[in-house]
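Colleague: Position 56 of the sequence shown, counted from 1, bears residue number 55 in numbering that gives the first Met the number 0, the numbering being contiguous throughout.
What the hints contain is simulated information worked out from the structure, not anything from laboratory work. You may find that some hints are simply not true.
With a straight-line cut-off of 16 Å between C-alpha atoms, the simulated EDC-like cross-links for lysine to aspartate or glutamate are [unchecked claim]: (1) K40 with D82; (2) K48 with D100; (3) K40 with D100; (4) K44 with D82; (5) K44 with E84; (6) K76 with D64; (7) K76 with D46; (8) K92 with D82; (9) K95 with D46.
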Amino acid sequence: MGGRTDRPRLHARHSLRPYGRGEEEYVAVKEATYFTGAPIKASLKADTKYAYCSCGHSQKFPYCDGYHRGTSYKPVKFFLPSDAEVLLCGCGKSHKKPYCDGSHSQ
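Kindly produce the complete structure, drawing on both the sequences and the hints.
Modeller: The structure is reproduced here in structure tokens:
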């Protein structure tokens, strides 16, 4: 079971998709490979469930693709009551995940 460190890093321009499957309890991925280091601007739809990737290995980062399975990482599930433009954490350091709190600049 090799790591996915050979994959190229994604950048901040990509779309989010709603998550559709349940998540279980999970134990620790090595080094995160998809954190961009900068906030990710996203247009989110009202009353749609989203799952933010907290492990940094998702090929659909910042959206969770389930790569964390078997680790201690869990996606951060969230939804908004109305359509909104938001800044999602792209560095993995935010204390307000899934949202950017400026931790990337510290």
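Colleague: Against which earlier hints does the structure fall short, listed by number upward?
Modeller: Hints 2, 8, 9 contradicted; others consistent.
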